[in-house]
Amino acid sequence: MRTLRVAVPNLTAVTMDAVFAEAAALGDGPADGAAEELRLSLEDVRFIDPYGLVGLWCVLRYLQRRHPAITVIPPTDRELQGYLRRMSFAAGTAPGAGLEGTGGGRGASGPSDVLLELTPIEQQADVEKVIRNMLGRVRRILESELGYGERDVTAFCTVLAEACTNICDRSEDRGVVAAQRYTQSGGTRYVVVGVADLGIGIRQSLATRYRQAERWSHIQAIINALQKEYSRHPDRGLGLFMVSRIVGAYRGSLHIRSGDARLYLRHRARRLAASPFPGTQLAISLSARGTQERA
Amino acid sequence: MMTKTRMAGLRRQKPHLVEGRTDLLNGREEGRELADRLLAQLTTSEPDSIIPVDFEKVRFMDFSCADELMTRVLRRIRSGELGTRFILLQDLPPSVEENLAAVFALRDLVCPKLTKAGKIELLGKIGPELAETYQLAVRKGTITARDVMAIAPDVGISAISNRLAKLQTMGLLVRTKEGAPASGGRQFVYRAVR
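Here the protein sequences line up with chains A and B, keeping their order. At position 96 of the first sequence (counting the first as 1) the number is 96 in the working numbering, and the numbers step up by one without a gap. To get the working numbering, take the position in the second sequence, counting from 1, and add 295.
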């Protein structure tokens, strides 16, 4: 039995690439390892944000290609165990991966900052469910705790809808979304959204329309995808463009990973190296009510 | 003394109710279906019609759906393909209006809307001079270039004529009469789409 022990204590957009790299290395290993049972150990992990969560979903699905049976060893941190339960991690990664053990930790009945559990996105109707959830229970949280008004809730729903619709329209795969609100030690409140799929990635998606895209680097493909009307479908391409504009208006950040590239947008764009890994993974953060200028 | 050569009054028709599978409209496919339904009503309506597009039953419409619905319809209107058939937005929930405004801003589109107070306003991307000229037409019902000169005395007649022609291209004014004023020459009369 092989074991992949995640050594990174905090799974976020900043650190998650190390886990993708380890998974990719394992996935590309010799064929004699195929069909062998695999243990993915999260014992050393202390914190997972929504991007880390959807990233783990990608890692597990990726590894399932070679290891149909995967056992996930939960974190030793009981708070984090409770968080994974509240985020429906086990249900979201089943049946391919089983989370070992069920005891301990603060459960679903405890106070929760979860806005959206690990939610599958397979078709447009799933996007509608996410939006309905946002406009119901979550809306009240956004209003009371982040000071969001109707306009802000609309912007938040638009970000979620566009990011999730991209999975249905462009990934040629299914995906997941999760969201959580946080309060920094100084009292600043913000929301983090993770959206991910294991599909064809941004460059290949654009290559269905732009033949030259196959010669682009992955980072160039990501940058192009953020431009107005740069899309695999004529006269579209406003999805990521809109997401980036709203994120900018809300003093947030946008992290996009696809192929072997990462782009981090906060005030300005930063290109970051990444390990080759399939699909597209997004981390979006939006701050509490502050900037009112709509994109 | 004006000589009438053609008449074209605009009549508001029965509203077109925007209604999707649920009260949450999302994605391009749903937007296309909604656009097809609205275009079908537009193309079968009489010429010189304004169809109020009613969003009363919509709770939320995402950006992609709004883009697919309104961009397709407004571009068809602007192309002249639908003749003198226009739309007017009404009963817009704030969240729907927000995403429509974002679509219009990105696509360089504009559309009249009826406010809850019964006023006609414009939603979308339009310069202040054009908006002012359109509002003059809304107030007066019909306008000529000479009417516009009264609110823009420093602007030349050809620039004003261009302004009116641009508003016509945007689907906000329709040319209704061609007349010969007493002073000679030719003069067009424009009616507001409202």
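No wet-lab data here; the hints were simulated from the structure. We put the CB at the ideal spot given by N, CA and C, even for glycine. You may find that some hints are simply not true.
As the list claims (entries may be wrong) - With the Cβ distance kept under 7 Å, some of the chain B side facing chain A (calculated, not the full set):
{"id": "1", "residue": "L319"}
{"id": "2", "residue": "N321"}
{"id": "3", "residue": "G322"}
{"id": "4", "residue": "E351"}
{"id": "5", "residue": "F358"}
{"id": "6", "residue": "S359"}
{"id": "7", "residue": "Q385"}
{"id": "8", "residue": "P389"}
{"id": "9", "residue": "E392"}
{"id": "10", "residue": "F483"}
What the hints assert, rightly or not - So these bits of chain A aren't anywhere near chain B, every CB distance computed over 12 Å:
{"id": "11", "residue": "V14"}
{"id": "12", "residue": "R132"}
{"id": "13", "residue": "A155"}
{"id": "14", "residue": "C157"}
{"id": "15", "residue": "E162"}
{"id": "16", "residue": "R181"}
{"id": "17", "residue": "G186"}
{"id": "18", "residue": "T188"}
{"id": "19", "residue": "G239"}
{"id": "20", "residue": "I246"}
{"id": "21", "residue": "H267"}
{"id": "22", "residue": "R268"}
{"id": "23", "residue": "S287"}
Results for each hint:
1. L319: holds, 5 Å
2. N321: N321 (chain B) check passes; min Cβ-Cβ to chain A is 5 Å, inside 7 Å.
3. G322: holds, 4 Å
4. E351: This interface hint is violated because 17 Å lies over the 7 Å limit.
5. F358: holds, 5 Å
6. S359: holds, 5 Å
7. Q385: Violated, about 19 Å.
8. P389: Constraint on P389 (chain B) satisfied, holds at 5 Å.
9. E392: Check failed: Cβ of E392 (chain B) comes no nearer than 9 Å to chain A, outside 7 Å.
10. F483: violated, 33 Å
11. V14: holds, 29 Å
12. R132: violated, 6 Å
13. A155: Violated, since 8 Å does not exceed 12 Å.
14. C157: violated, 6 Å
15. E162: violated, 6 Å
16. R181: holds, 20 Å
17. G186: holds, 30 Å
18. T188: Its Cβ never comes within 12 Å of chain B, the nearest being 25 Å, so this holds.
19. G239: G239 (chain A) not clear of chain B: closest Cβ-Cβ about 7 Å, inside 12 Å.
20. I246: With a cut-off of 12 Å, I246 (chain A) comes too close to chain B, as the shortest Cβ separation is near 9 Å.
21. H267: holds, 22 Å
22. R268: At about 22 Å from chain B, R268 (chain A) clears the 12 Å cut-off, so the statement holds.
23. S287: holds, 19 Å
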